[in-house]
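Enquirer: Protein chains in written order, with numbering that gives the first Met the number 0: chain A, 0 to 168; chain B, 0 to 275.
What the hints contain is simulated information worked out from the structure, not anything from laboratory work. Treat each hint with caution, since some may be false.
Over the 12 Å line for every Cβ pair with chain A, so calculated as not near, a few chain B residues [stated by the list, open to error]:
(1) Ala20
(2) Val117
(3) Ser124
(4) Glu136
(5) Lys141
(6) Thr180
One-sided excerpt, in silico: chain A residues whose CB lies under 10 Å from chain B [said to hold, decoys possible]:
(7) Ile5
(8) Gly6
(9) Thr21
(10) Asp26
(11) His51
(12) Leu81
(13) Gly87
(14) Leu88
(15) Val92
Backbone N, C-alpha and C fix where the C-beta goes; we use that ideal spot for every residue, glycine too.
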Amino acid sequence: MSPLTIGLRMTVVTILALALQTTLFADVRVAGVAPEIVLAVAVISGFVAGPHRGAFAAFWMGLAYDILLDIPTGLAALTFCLVAYGAGLAGEVAFRPTWWFASGSCAVASGLGVVALAVVSTLVGRDLAAESLLTLILGVALLNALFAPAIMAVVRWSYGRPHELRAAT
Amino acid sequence: MAAPTQRGRSWYTIGLLVLTALTLLTLDFRGFGPLETAQSGLRNVFAPVRSVGDAISDPITNGADGLFNYGELEAENAELRARIAELEGQAFQTQVEEDELERIRDVAGLESVLDIPVLLAEVVSGPLGNFSGQSVEINKGKLDGIRDGMPVVTGSGLVGRVLEAGRNRSTVQLITDPEFTVGIRVTADGEVGLAHGDGAGSPRQMTVDQGISDGVSVGDLIITSGGRTSRFPPGLAIGTVSDVIDKDRGLELKVALNANPTDIGFVNVVLYEAAE
């Protein structure tokens with residue numbers, strides 16, 4: 000699959016994730032916590048495409064997230080790309096294309112992503128979290144884990160089969 | 000040799016991305032004009048996608064509400080009916096007093112906050128994400144005459160201000176946001192001070208920790224102070240003093256808000272622009 004096709008597919012997936020995040024999941028919350036669908040897509044991109052491509056895709060997803068969700072520009076771009084990079088490195092060692100791997104690893108990485116977002120937003124002087132940090136970490140980890148298998152399927156479709164991805168790299 | 004090269008490229012990429020993100024963060028905090036224009040433009044481009052998303056998701060969220068919160072809604076309805084009956088009784092007396100006040104203002108040549116036009120808007124979304132701060136989105140924007148900084152009220156009082164007016168939608172920073180500040184006046188003795196939101200943990204409270212020196216007691220009414228450079232006109236209701244704490248540098252007041260910013264369906268945008 001050509002890099003252009005991968006880019007186009009990931010753009011569509013990102014737009015869909017952002018639309019879900021800013022419409023349905025702005026209202027449907029569990030204990031005041033919304034799933035972080037865009038973060039989940041970024042993390043799974045890291046697992047599927049590796050640290051280099053995953054971090055690159057996650058940066059652009061984070062940037063779009065910053066702009067549309069009205070948080071300081073660069074904040075989610077920074078944290079998403081770091082988390083996706085970490086997920087990519089971990090995926091190189093232990094990636095398993097199964098639903099339980101997708102859910103478990105996405106839960107852990109999403110929890111770390113929430114911590115990173117909270118830390119960076121505090122460092123830049125903006126306490127942006129709407130709920131307590133522990134509630135956010137647990138809530139986002141749990142909700143993202145639920146959606147992870149579906150997101151894994153969509154992201155794997157975007158990047159094509161592993162040999163196609165290697166050919167495009 | 001391929002692996003080290005790839006690892007090197009990987010480090011180079013992540014370094015470049017981190018640097019770019021930090022640069023954007025710096026520019027954002029410095030209020031870099033072109034960046035703000037780009038942000039606003041991208042939000043406008045994405046607005047139709049969100050409108051379609053809202054049209055699809057609204058029936059789902061409404062259905063879920065009806066399914067899971069039916070009992071709660073029924074109890075809330077009964078409570079609201081009782082409250083309406085009580086308020087109708089108070090409304091008559093309030094109208095008499097308002098007419099009297101208006102007559103006095105006319106005689107004294109004073110402006111009233113009631114003379115400023117308002118625009119009704121629907122709250123179409125709460126905070127968009129877990130990190131969107133204390134804000135909501137309304138369905139009116141620049142095309143309807145809304146501008147950045149305009150006060151936003153409900154029938155109960157001040158609930159926020161327009162943080163950013165888009166073409167057809169605007170983001171409203173709620174009064175509970177710790178970064179929300181407003182000049183206040185205690186109606187009983189005219190003391191003025193500066194209040195700020197107390198954050199999501201205290202959704203119906205503000206704190207006044209600057210300017211108050213003496214003579215304020217629990218139950219005193221708090222309104223906006225207004226003034227030549229204030230973003231808010233004088234006289235908008237905020238709340239009542241719920242606690243007075245003696246501090247070294249003066250009094251700290253806890254203010255129980257009149258309006259409930261966590262439960263608003265419709266708001267009025269006060270079409271008031273502060274003097275430059």
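Enquirer: Confirm or reject each hint.
Expert: Hints and how they fare:
1. The Cβ of B:Ala20 does not lie farther than 12 Å from every Cβ of chain A; its closest approach is about 4 Å, which violates its non-interface assignment.
2. A cut-off of 12 Å between C-beta atoms confirms that B:Val117 is not in contact with chain A; the least separation is 24 Å.
3. The claim that B:Ser124 lies off the interface is violated: its Cβ sits roughly 5 Å from the closest Cβ of chain A, which falls inside the 12 Å cut-off.
4. Not every CB of chain A lies more than 12 Å from the CB of B:Glu136, the least distance being 8 Å, so the non-interface label is violated.
5. For B:Lys141, the condition that its CB be more than 12 Å from all CB atoms of chain A holds, with the nearest at approximately 16 Å.
6. Every CB of chain A is more than 12 Å from the CB of B:Thr180 (nearest about 15 Å), matching its label as outside the interface.
7. The beta carbon of A:Ile5 is not positioned within 10 Å of any beta carbon in chain B (closest approach about 16 Å), and the interface hint is therefore violated.
8. Restraint check, A:Gly6 versus chain B: the minimum CB separation of about 15 Å is more than 10 Å; hint violated.
9. Interface hint status for A:Thr21: upheld, as the beta-carbon distance to the closest one in chain B is roughly 5 Å, under 10 Å.
10. Checking A:Asp26 against chain B: minimum C-beta separation of about 4 Å stays under 10 Å; hint holds.
11. Taken as an interface hint, A:His51 checks out: its beta carbon lies about 4 Å from the nearest beta carbon of chain B, inside 10 Å.
12. Because the smallest distance between the Cβ of A:Leu81 and any Cβ of chain B comes to about 7 Å, under 10 Å, the interface hint for this residue holds.
13. The interface hint given for A:Gly87 is met, as the beta carbon of that residue sits about 8 Å from the closest beta carbon of chain B, less than 10 Å.
14. Contact between A:Leu88 and chain B, as hinted, is supported at the beta carbon level, the nearest pair being about 9 Å apart and thus within 10 Å.
15. A distance limit of 10 Å between C-beta atoms decides the matter here; for A:Val92 the minimum to chain B is near 13 Å, and the interface restraint is violated.
Consistency note: the structure conflicts with the earlier hints numbered 1, 3, 4, 7, 8 and 15.
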